[in-house]
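57 is the number of the first residue of the sequence shown in my numbering; add one for each residue after it.
Keep in mind the hints are simulated off the structure, nothing from the lab. Watch out, some of these pointers could steer you wrong.
[What the hints assert, rightly or not] Calculated cross-link-like contacts (lysine to any residue; reagent style SDA-like; alpha-carbon spacing at most 25 Å):
| hint | residue 1 | residue 2 |
| --- | --- | --- |
| 1 | Lys131 | Ala97 |
| 2 | Lys175 | Ala97 |
| 3 | Lys190 | Lys65 |
| 4 | Lys190 | Ala160 |
| 5 | Lys65 | His103 |
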Amino acid sequence: MSVLRPMDKLPDLNRATILLVGTEDALLQQLAESMLKDDCASELRVHLANSLPLPSDANRPRIDLIVFVINLHSKHSLQKVEESLNHVDSRFFLGKVCFLATGAERESHCSIHRNTVIKLAHTYRSPLLFCDLKVESCRATMAQRLVRMLQICAGHVPGVSALNLLSLLRCSDSPLSKES
Numbered sequence: 057m058s059v060l061r062p063m064d065k066l067p068d069l070n071r072a073t074i075l076l077v078g079t080e081d082a083l084l085q086q087l088a089e090s091m092l093k094d095d096c097a098s099e100l101r102v103h104l105a106n107s108l109p110l111p112s113d114a115n116r117p118r119i120d121l122i123v124f125v126i127n128l129h130s131k132h133s134l135q136k137v138e139e140s141l142n143h144v145d146s147r148f149f150l151g152k153v154c155f156l157a158t159g160a161e162r163e164s165h166c167s168i169h170r171n172t173v174i175k176l177a178h179t180y181r182s183p184l185l186f187c188d189l190k191v192e193s194c195r196a197t198m199a200q201r202l203v204r205m206l207q208i209c210a211g212h213v214p215g216v217s218a219l220n221l222l223s224l225l226r227c228s229d230s231p232l233s234k235e236s
């Protein structure tokens, strides 16, 4: 059980692995199934974890993209993600990490304010995506987007790197709203 490093393993030809980290097991499983349904030239592997660190396993494949899923209705979800971030090597934040916030559609029921996750993503210089994973059509669209990001992070899209993707997805570096 140690820090997760991007270069611990050599890349696999035509194989891409994503790690979904979050406390919502059922939603993560549904997102994983939607990703595996997507037509992709690469062999996709989806791993799920409630938190990091991952147990040491010599057979674990190289992780090409980490997605931290935060449920805005659960402070426990945010806490687990924040604790997990301590177990990720800083080199992963060069385009191989993104945050996915779910539950924003009913803001009156949120126990975590949107600005909190925006600040978190800004702090780690990683993209932040919003999606209602309970709605099948939204989940399918997000699955397609994540598969495309994964292919880029795994190096399977010629001419585009994870750093290119990061610069395209990053919000402007303008200050956050005055509420913060």
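Consistency of the hints with the structure:
1. Restraint check for Lys131 and Ala97: not satisfied, since their Cα atoms lie roughly 38 Å apart, outside the 25 Å limit.
2. Straight-line distance between C-alpha atoms of Lys175 and Ala97 comes to about 35 Å, which puts the hinted pair past the 25 Å bound.
3. Proposed proximity of Lys190 and Lys65 is contradicted: the alpha carbons are some 34 Å apart, above 25 Å.
4. Distance restraint check for Lys190 and Ala160: the Cα-Cα separation of roughly 11 Å lies within the 25 Å cut-off, and the hinted pair is therefore satisfied.
5. Between Lys65 and His103, the direct Cα distance comes to roughly 16 Å. Compliance with the 25 Å bound is thereby established for this hinted pair.
Of the numbered hints listed earlier, those contradicted by the structure are 1, 2 and 3.
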